[in-house]
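The residues making up each chain are set out below.
Number of protein chains: 2
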Amino acid sequence: MVDVVRVALLGCGTVGTETARLLLTHTEDLAARVGARVELVGIAERSLDVERDPVIPRELITTDWQELVSRADIVIELIGGVEPARTMILEAMSNGASVVTANKELLGKDGPTLYAAAEAAGVDLYYEAAVGGAIPLIRPVRESLAGDRVTRVLGIVNGTTNYVLDQMATTGEDLALAVKQAQAQGFAEADPTADVEGFDAAAKAAILASLAFHTRVSTAAVHREGITAVTSDDVAWAAETGHVIKLLAVVERTPDTDAGPGGIVARVHPALVPLSHPLAGVRGAFNAVFVEAEAAGPLMFYGQGAGGVPTASAVTGDVVTIARHVVHGSRGPLESRYADLPVLGIADAVTRYQVRLRVADRPGVLAQVAQAFATHGVSIETVRQAAARGQHADLLVVTHAARDAALAATVATLGGLDVVEQVLSVLRVEGA
Amino acid sequence: MVDVVRVALLGCGTVGTETARLLLTHTEDLAARVGARVELVGIAERSLDVERDPVIPRELITTDWQELVSRADIVIELIGGVEPARTMILEAMSNGASVVTANKELLGKDGPTLYAAAEAAGVDLYYEAAVGGAIPLIRPVRESLAGDRVTRVLGIVNGTTNYVLDQMATTGEDLALAVKQAQAQGFAEADPTADVEGFDAAAKAAILASLAFHTRVSTAAVHREGITAVTSDDVAWAAETGHVIKLLAVVERTPDTDAGPGGIVARVHPALVPLSHPLAGVRGAFNAVFVEAEAAGPLMFYGQGAGGVPTASAVTGDVVTIARHVVHGSRGPLESRYADLPVLGIADAVTRYQVRLRVADRPGVLAQVAQAFATHGVSIETVRQAAARGQHADLLVVTHAARDAALAATVATLGGLDVVEQVLSVLRVEGA
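Sequences listed follow chains V and D, in order. When you line the first sequence up against my numbering, it's residues 32 to 463, in that order. When you line the second sequence up against my numbering, it's residues 32 to 463, in that order.
Be careful, since some hints might not be right.
[As the list claims (entries may be wrong)] Here are a few chain V residues that face chain D, going by a calculated C-beta distance under 7 Å:
#1 R64
#2 A67
#3 P85
#4 I87
#5 S125
#6 N126
#7 P171
#8 T182
#9 E323
#10 A327
#11 Y333
#12 G339
#13 V350
#14 V351
If you are wondering where the hints come from, they were derived from the structure by calculation, not from laboratory data. Here a beta-carbon is modelled for each residue, glycine too, at the ideal position from N, C-alpha and C.
Bound conformation, chain V alone:
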C-alpha cells in the first residue's frame, strides 16, 4: 500500500510558485482525494539565492535536479523551452517518475520523444496546462471524446494576442500601442515575439491536432501567421461588417474527395469572426475553444488561458490523477497516433475570405475583379464598395468557402490587374 506520493518540481517561476502553494496548502484535500499523502519533496532551481514567495520553504530548494528527480514519483516540469527541459523529463522518466508538464513548446516540437520515453518507462505523461491554462481541454479531447470523431477544433488559445486585438477593437489603437499596453498590464512579455508571431498558438494547435486526430502533428506542420500585419483599418472594417478579428488556432479534418484522400490542416492566423459567434465575445486574456465532433456536435470550453494561479490548478489536477495511478498501480492514456492521417499544407484549407482591394473608380472594374475570382473557381458571396477616394474606390469582397490555394491564386491575379491599385488585406472568415 502506497502511503505517500513524492512530487518534485522543476522550476519555480509564477506557475511553479502557485503549484507549490496548492501542494503545500491543500495537503488534507489532496491526501483525501488521492488516498495517500502527496508530498512536495523538492524544487529544483538554478540558484539558491533568489528571493521567493514566503510559501516556499527554503529547504525544499535545490540546484541538483538529477538528485531530486531520482527520489520522486511525479516530476512537474515548469521550466519551459526545449532544453534543458527535455533532458530533465527524459531522465525523470528513465528513473520511473511520471511527468506533468505545461511545456507546449517542447510538446509541439518533440512530443513523440516524450511519449516514447513514457511508454518505455511505463509512466504517465500529462499536460493539461499546456493548452488553455486552467481550462480542461486535453482531458476532454483525449478521454471524453474518445468514443466520437472530432472534426474540427477552433479556438482562441493565446491570451496575449486576444488582449491586444481586443484593445485595438475597443480603443482604435494600432498594434504597436496595444502591445505596449499589454506589456504594461503584464499580459505580454518584454519580447512579445512568441505570442504576436503566433508561435505559442501554433504549438498549442499541434498538441490539439495530435490528440483530436490520433496523428502526430508537430508545430512545424502548423501554418502560422501572427497578428503583426493586422492594422487598425482591418479592425475598423471588421467592426463595420459585424465581425471582430481574433487570432485563431484551427485544426480540422478535411473530407476525402474525388481529388484524393483527406487529411488534417492545422493553421494559426488572424480571422474575422462574426459578432454573433460565441468566440467573438471572448474578451481580454481569456481563452475559449470550440470542439466539433460528429456525435457530440459543437462543444465550447472557456476560461482563463494563462496566469500562475489558474495554470497551477491544471497542473495540480494532473498531479492528483497521476498520484491516484501511483496508488492503484494504473496508467493513463498513452500516445494515440494510429490514424496517421496526412498533414496537409495551408493550400488545402477550405474556408471563406474577405479581400479588401483599392481599385480604379470607373465602369467595368467590378467585372474584371469578379472575373479574377471566377477564373480560379472562387465564388463571391458579397461585394461592397467600401469608400471612394477621388480616382479610387475600396472594394470589400467576401467569398464562399474555397481552397486556400485558389484564393491565393486569385489574389495573385488581382495584384496583376491594371485596375487594381492595391490588395489592402486578405483575412479568413471563420465560425460563420
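For chain V, the structure is supplied; the task is to place chain D on it using the hints.
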C-alpha cells in the same frame, strides 16, 4: 493480454440506439483507442418484437438481461428510472462488470449504493452522460479540478425548460403555449412534469454538488422550484431590466462565518440572469455550466445537453475509458465524500433578489416598503416604479445579496402591509 472487451447494453431507446450505432460502426477507431476489440455482445429489451433502427442486428436483442450482464465486462444502463435499473446495475457489478449509466434519477436518489457496490466489486462507475448530455462535465469536475477547490457551479442543465423559457422570451407566449410548442418540436415529453417542475435539474444538481464538494448530496436535499410559476409578465419585466429568465441549477460552498460553519447549498429555480452574462446567450435546448474554482477561476462548458446522438457520444467516451482500464487492469476514481460538509437548506442561500409589488399609489408607501426590507437586514440596491394603474403602482425592488431566510421574512412582512396590495413575483438574480 485482453484482446476483447465485451459490452452489454440495457435499453435500446434513442440514446441506446445511437450508442449501439457508435459501437457497431466505429469498431476500428475504438479498437485502436482501447488497445483491444470492443464488442457489443447484446442488448437487453423488454420485447423482441419492436421495430428497431436497421443498425441494430436482431440477433443482439435479448429479453434475458441477467444472462446478458453475466457475460459482459462493461454494462451500459440506459433504461432510466430507479427500478429495475438499480437492480440490474447492482447485479452487473456483483458479476464483475463495470457500469456506464446516464441515469441521473437513480444517481441523484441513490448514488452511494451504486458507488458502494462498485467499490465492493472493484469495478468502475462512470456517468458523463447523466449531466449535460454531450458536454464533458463530470470528468472535468471529478478529475481536472481535483487539485483545486470548487466554490460554485451555476448552470443551465435542462434543455426542455431552456427551450420553453427561450420561446416565452422570443415570442411573448405564455408558459402553457410554449410548453405545447416544445412538445410539438420534440423538446418536451407528453408529460413534461420532470422537466418543468425541476426534478430533472435537481437530480443533476445533486450529482454536481456531490462531485464538486466531495460530499454526499441527494436530490432530496436540493431546493427545487420549477418554471410553472413564471408568467409572461415576469419574462417581459426581465427583458425590460436587461435580464433573461433561466432555470438554473446552483450548487455552492457557503463560507464559514461567526454565525457558524459553512456548508453546501444546492438549489434549482428560475432566476434572472443579466444579458451580459454568457449564460444569458444559451439558446434553445443547449446546456451550459459555469464552474468557479479558487485557483482556476471561472470556467464555462457549453454544448448539446440532450438528444440521442450527443448523449451517445458521452456514453461511448466512458466505455472507452473503462475498456482501457479493463485492458490495463486499472480503475477510475471512486466516490469521494471525505469532506462531508453539511448540506444546508434554502434559508442559508445568499443571493440577490428582484421583488415586484403592487402597492397603493400614495405618498409614504415607499418608506414603508423600504422599512420592511430594512427590518430584516436586506439592503436595497434599486427601486423602480414599474407602472401606475389608477390607484395602484407597481414597484420593482432589487436587493443586494441577502440570506434567503431574510428575504422570505421580508416578503412575509410586505404581504402584511396595508399599502401592499400584492407581491407579484420574487425572483433570484444570479450571475451578476
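**OP:** Could you tell me which of the numbered hints above are not met by this structure, giving the numbers in increasing order?
**Re:** Structure breaks hints 2, 3, 4, 5, 6, 8, 9 and 12.
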